[in-house]
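Given chain A, work out where chain B should sit, using these hints.
So the chains spell out like this:
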Amino acid sequence: MVIREQFSTSLSSLKEEVLSLGSMAEEALAETMKAVSRHDSEKLNIIITNDRLINNKELIINENATLLITKQQPVASDLRKVVVSLKISSDLERIGDLSVDIAKAALRINELPGGQGFEQEIQKMGARTNEMLKAVISAYRDGNVLEAQKIAAIDDEIDKAYGEFVQSIFKTAVLKPGMIENITQLAYISRYIERIADYSTNIAEWIIYEVNGRRFDLN
Amino acid sequence: MSAVTVTDNRNKTVYSDELRRNIVEIESGKRVYETKSLNLWYGKDHALKNINLPIQENEVTAIIGPSGCGKSTYLKTLNRMVELVSGVRVSGEILYKGRNILDKNYKVEELRTRVGMVFQKPNPFPKSIFENVAYGPKIHGIRNKKLLHEIVENSLRGAAIWDEVKDRLHENAYGLSGGQQQRLCIARCLAIEPDVILMDEPTSALDPVSTLKVEELVQNLKKDYSIVIVTHNMQQAARISSSTAFFLHGEVIEYGNTDHIFSTPDDKRTEDYISGRFG
Chain A
6 MVIREQFSTS
16 LSSLKEEVLS
26 LGSMAEEALA
36 ETMKAVSRHD
46 SEKLNIIITN
56 DRLINNKELI
66 INENATLLIT
76 KQQPVASDLR
86 KVVVSLKISS
96 DLERIGDLSV
106 DIAKAALRIN
116 ELPGGQGFEQ
126 EIQKMGARTN
136 EMLKAVISAY
146 RDGNVLEAQK
156 IAAIDDEIDK
166 AYGEFVQSIF
176 KTAVLKPGMI
186 ENITQLAYIS
196 RYIERIADYS
206 TNIAEWIIYE
216 VNGRRFDLN
Chain B
441 MSAVTVTDNR
451 NKTVYSDELR
461 RNIVEIESGK
471 RVYETKSLNL
481 WYGKDHALKN
491 INLPIQENEV
501 TAIIGPSGCG
511 KSTYLKTLNR
521 MVELVSGVRV
531 SGEILYKGRN
541 ILDKNYKVEE
551 LRTRVGMVFQ
561 KPNPFPKSIF
571 ENVAYGPKIH
581 GIRNKKLLHE
591 IVENSLRGAA
601 IWDEVKDRLH
611 ENAYGLSGGQ
621 QQRLCIARCL
631 AIEPDVILMD
641 EPTSALDPVS
651 TLKVEELVQN
661 LKKDYSIVIV
671 THNMQQAARI
681 SSSTAFFLHG
691 EVIEYGNTDH
701 IFSTPDDKRT
711 EDYISGRFG
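Just so you know, the sequences run in chain order A and B. The opening position of the first sequence corresponds to residue 6 in our numbering, with each subsequent residue numbered one higher. The opening position of the second sequence corresponds to residue 441 in our numbering, with each subsequent residue numbered one higher.
Isolated chain B (complex conformation):
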């Protein structure tokens, strides 16, 4: 990773005011996660190598890289879902709001109420639309029907799907289109009022219009949530994120302001990947 210098003297690098502001923001912004010297092994396979990466609060961070580069693995360390894989070993630190979530005393249940996740394929429960969203809050002990209704409505509104489903809340979620199911899953995630939303290729199974709707939604959600999105879609990363990390062979090759990464990346491997020259 390399630092970005900003100068504007004659015959020196000239950035526009906007890009300069972005670069300053990324260097000084508040961080929700701080990953320090993270290593991860699947058995003998060294899948993540010395990862040092900040995740900015109330921003969208995109993680890009070719298949098998470790980006999904990294995402799953952020809510410790990776522990479900047998033979996993981890070293280093992931500070979430200053506390190391890899610490054995850190309660994973607590972490998962703060960190929601949306997967590649929409995975609604075989229940009604209402029950899908109310499921999380119910598990957390909310029984008051009026309050549950409020949560469901707000979550569905937050996921920009309320108008499409408000008259069919008690129909089975499987009757929704793929794009609607994915937004329902986002609503389900919002219902537990997380701080962070992890998204693992959330639009790769969706048609172009649904994809744009989810992208629009992500943009609107970032004022209330910190979002980390793994995507294979380069244009998507460029469109919706404010910072981007490029992973290759389990390493972070480059991390920085998205405008910078997609216009003048510092590392040739980043340039080759985003230009579609390998991957």
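Next comes chain A alone, as it looks inside the complex:
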């Protein structure tokens, strides 16, 4: 006889909430990168304001997870599901914050003479990170450990791109001292994107923990 059906339903809806937070974080990053490329200050401001929706969603997940622990006292894989929902939602919330940080840096660039520069590189890094975030959320949905493990390789790729990018913009800074403020903001943006990739890797580690009960260090 299958018992604890209500508990299983509550666990599934908790996961749905986290997946929906994942979509929100992923959309925030995609929209931010789009607004960065279009120098759309109005849109960037909207993204900054809307971050509270992501924060709020994380709070709801925290409350629901705490209630589940209190009322159902889950153990073993059930408990891991609840703990992982807390961990992943906290990482997703940080990803939301980092998109806000990107938006703020882009707003500062939009106010500077000389514009952005290096658009192609920054967009490429953003797009790859967005793919990574999408992939990790999908791996979480399916409990796919193999996919989660692949995420680490993308993180290495983004780390490398970040290092090269920062080097190249600083070389430009030497040649064009007038661009120093623009380049500083660009360095920030690339750093924030790289951090998002790190948080996505964290999420991948949590997926492995949820499924196998073992902690893996992917980065």
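Check each hint, because a few of them may be wrong.
When the alpha-carbon atoms are kept at most 30 Å apart in a straight line, the in silico DSS-like pairs for lysine-lysine are as follows [what the hints assert, rightly or not]:
id, chain 1, residue 1, chain 2, residue 2
1, B, Lys708, A, Lys86
2, B, Lys567, B, Lys547
3, A, Lys92, B, Lys708
4, A, Lys39, A, Lys155
5, B, Lys489, B, Lys578
6, A, Lys76, B, Lys708
7, A, Lys155, B, Lys567
8, A, Lys139, A, Lys129
9, B, Lys567, B, Lys476
10, A, Lys92, A, Lys155
11, B, Lys489, B, Lys653
12, A, Lys76, B, Lys561
13, A, Lys76, B, Lys547
14, B, Lys708, A, Lys20
To be clear about the criterion: a stretch of chain B counts as covered by chain A if any three or more of its residues have a C-beta under 8 Å from a C-beta of chain A, and this derived list gives those stretches [said to hold, decoys possible]:
id, segment
15, 547-556
16, 595-608
Simulated restraints, written as ranges between beta carbons of each label pair [unchecked claim]:
id, chain 1, residue 1, chain 2, residue 2, range
17, A, Asn60, B, Asp635, 36 to 42 Å
18, A, Arg9, B, Lys489, 25 to 31 Å
19, B, Tyr575, A, Val88, 45 to 51 Å
Quick caveat, the hints were computed from the structure, so don't treat them as lab data. Given the structure is predicted, the values throughout are model-derived calculations rather than measurements. Cβ coordinates follow ideal geometry from the N, Cα and C atoms, glycine included.
Okay, now just chain B, sitting in the frame of chain A:
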């Protein structure tokens, strides 16, 4: 039963230092009991099937499993109380400190002075609190009143009930609450200075506060005694034991470090049972 491997290389299983220590301890700890290929039949009913199980010294071992899985039967083999049931047949070995207690030359009286037992329902004798605790030592020939007083006081202190009863030692034990009666029974058990205390669902008839008091007591007792506790309360097993054995249909499905069993059990049946998915 499966062995637990501990590795901590990159991209390998990573355990915290604490869990790793626990796992090492369980693999190397001193054992008070060693059960080998134990089989038990009630008439034709094969109630225990090829049980191989160690009991760690000065630790709390929890035995869990659904009703009728053989956990209480196993507990009662450890002091041979199971022999009181008619038609019981046993094969295999239970080594207590290296000697097989199932050997026909092993004196059961001697075993029972080393192994005390606490039951599901508190069962004090219809005597005073003092007499309940002094009963065992008296049977063992202790007549010296001062010594008896000392034993009674120490046992009641050991069972964390002294302060509640010290002014009413000569009142009938039936006047105590259920939780107090159970701690009195534990004191009675301590009075014969056993090595091992067997507990058969000792808190299932108690209210939550009394339950927590007994759990606290069990934690304190393990420095001096080896404790085996049968419980239906999963959280209780997780809270108080250092190793856990999961019984199902007369077999040990899984035995290991409690932290491991309750976080990442190796067998799906264990996981389903502790998660409340059957039982």
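To see whether the hints hold, each was checked on the structure:
no. : hint                           : result
1   : B/Lys708 / A/Lys86             : holds, 16 Å
2   : B/Lys567 / B/Lys547            : holds, 29 Å
3   : A/Lys92 / B/Lys708             : holds, 25 Å
4   : A/Lys39 / A/Lys155             : holds, 26 Å
5   : B/Lys489 / B/Lys578            : violated, 39 Å
6   : A/Lys76 / B/Lys708             : holds, 23 Å
7   : A/Lys155 / B/Lys567            : violated, 71 Å
8   : A/Lys139 / A/Lys129            : holds, 15 Å
9   : B/Lys567 / B/Lys476            : violated, 40 Å
10  : A/Lys92 / A/Lys155             : holds, 20 Å
11  : B/Lys489 / B/Lys653            : violated, 35 Å
12  : A/Lys76 / B/Lys561             : holds, 28 Å
13  : A/Lys76 / B/Lys547             : violated, 49 Å
14  : B/Lys708 / A/Lys20             : holds, 22 Å
15  : 547-556                        : violated (count 0)
16  : 595-608                        : violated (count 0)
17  : A/Asn60 / B/Asp635: 36 to 42 Å : violated, 58 Å
18  : A/Arg9 / B/Lys489: 25 to 31 Å  : holds, 28 Å
19  : B/Tyr575 / A/Val88: 45 to 51 Å : holds, 49 Å
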